[in-house]
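Just so you know, the protein sequences line up as chains R and B, in that order. Counting from 3, one number per residue, gives the positions in the first sequence under the working numbering. Counting from 3, one number per residue, gives the positions in the second sequence under the working numbering.
Calculated directly from the structure, the hints in this document are not laboratory data. We put the beta carbon where it would ideally sit given N, CA and C, even for glycine. Do not take every clue at face value.
Facing chain R, according to a computed beta carbon distance under 10 Å, are these residues of chain B, among others [stated by the list, open to error]:
no., residue
1, Pro108
2, Glu144
3, Pro155
There are 2 protein chains.
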Amino acid sequence: MSTTAGWTVDTTGPRTATPPDFRTALDEAATAVDSALEQLLPQPEGLHARVHEAMRYAVFAGGKRLRPFLVLRSAGLFAVKREQAVRVAAAIEALHTYSLVHDDLPCMDDDDLRRGRPTTHRAFDEATAVLAGDALLTVAFEILAADATHDQPAVRCRLVRELALAAGSNGMVGGQMIDMLAPDKTFDADDVIQLQRLKTGALFEFCCVAGAILGQAAAEDEARLRDYARDIGLTFQITDDLLDVLGSAEKTGKAVGKDKDQGKATLVSLWGVDAARSKAQALAQRSVQTLAPYGAGAAALQALPAFLLDRDS
Amino acid sequence: MSTTAGWTVDTTGPRTATPPDFRTALDEAATAVDSALEQLLPQPEGLHARVHEAMRYAVFAGGKRLRPFLVLRSAGLFAVKREQAVRVAAAIEALHTYSLVHDDLPCMDDDDLRRGRPTTHRAFDEATAVLAGDALLTVAFEILAADATHDQPAVRCRLVRELALAAGSNGMVGGQMIDMLAPDKTFDADDVIQLQRLKTGALFEFCCVAGAILGQAAAEDEARLRDYARDIGLTFQITDDLLDVLGSAEKTGKAVGKDKDQGKATLVSLWGVDAARSKAQALAQRSVQTLAPYGAGAAALQALPAFLLDRDS
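Let's have the full structure, built from the sequences with the hints guiding it.
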């Protein structure tokens, strides 16, 4: 439960308490994926050890591991082998970390602080950060394509292709491009939602759909998980924007108030704090209902939206 | 035949004339891959059109398309379907272009000129160049993993994995990391050769081996093409270093004399111009012999070394 000054979500409507075991589920995903990444990322050796050091610095920075959680729990709905799901989770976390490293660069968002520590280009240097990001993106595909990720090469190919689509110029990279152009544009809510769907939503979708792909589930399952992921993704973005307005740098571990300083429209600036929060709550509620057909197996995924609404970092 | 002042390869030993049809073979590869990339790269549309424009600007800059040539001609040894080989060639050229865009960045080699035109970050801006590079890297894997690249998913997975290994932190990215650290180090010839093998050699190897993978050729064929690629790669690097010392900015379309200015050791600075050139000639000769078992079908690949020795850009 958040106690950050100004974070007054309690006053605007009913709120589902985060179940006590949700944190456990999140921590469990973090432990599994960190252990896998420890094995899968190259050791700092050779004349080029520095790039491996920077990759590990960026990856092992104590993130929430939300995306690995989504992969592991969506895979759990379809009896996917644990070690296969963990590999996919590790690939996605590597790719997500690349996006943070590049987004933090001076020519992008120019952030000095990430998760309470110096960003990779501050701890190393810009060239090393660009290269570490490039290598983290590349290793994600290396992991997915390897035999150990799934017995059937067709499944591995589909994972590679879907991740590339989610991460590429019509996905995450395209979203960051729009974000870079945002200060010079006048965006309406549809534009901001498109930005979010590309910048963060596409990867959230892949995380959830990856479980269905690994489990060779029906198209109906994939569609359901995609719907869930879309609602979760927008909930995440709205709460992120709320934290930028209302949160503290100490708790979030990064600079706050940046969107306003940069003149960027957000759903919070366009709709106002209360309406944005209400919308996030409605999306969260719908995402819980979407997964009803899976019964108790989906409990952890259904607990996520309340966690997102409650978070203070 | 080169007529650049100071480019005196004629005086140091016998030289194989580039067969008249070699240029034709190279142009033919360029035409095929450019046409494929025109189709495969996204159109500049939407709020994020700018990143697509930058991707196309970087890719359609009139490069020699050496890597596509290697893919198409090595695939030709194993009766690979033309359209499959062209897709792999397009993927590799996209990935190669990403490496040029990122290497040219101010925090890396800080180049304003590439192939005689402003580099991508000069024509657009740094953030767009970083993102266009990221997207070109990503689209390479998207292309390889798609059904159209090969009937058998196992072949596509292998292509993805081998390309990721060649391009990642123990391949091309690792090589660029060493290159960035080079001005502060004292490198011997072994170090410089390791740098080259990672920075440019690994991708050359993949280009040649990709033909064998697509054709599901024997391990022996893969090994042979890998040997050929290694010799070609080092020949390419030595002639590149010779051009940096002896070439003209006008012909090469990029700044010259940079290695010396930056205090970087090269095989030319370590061995001297004549010994480096002799070594390149010996490697070139060996690469021709390696492909002898393929008879006339390998003629174009066998003509490449002479072209590399003769080139003035």
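Cross-check of the supplied hints:
For B:Pro108, the interface hint holds, since its Cβ comes within 10 Å of a Cβ in chain R; the closest pair sits about 8 Å apart. Interface hint status for B:Glu144: upheld, as the beta-carbon distance to the closest one in chain R is roughly 4 Å, under 10 Å. About 4 Å separates the beta-carbon of B:Pro155 from the nearest beta-carbon of chain R, less than 10 Å, and the hint is met.
When the structure is compared with the earlier hints, no violation turns up for any of them.
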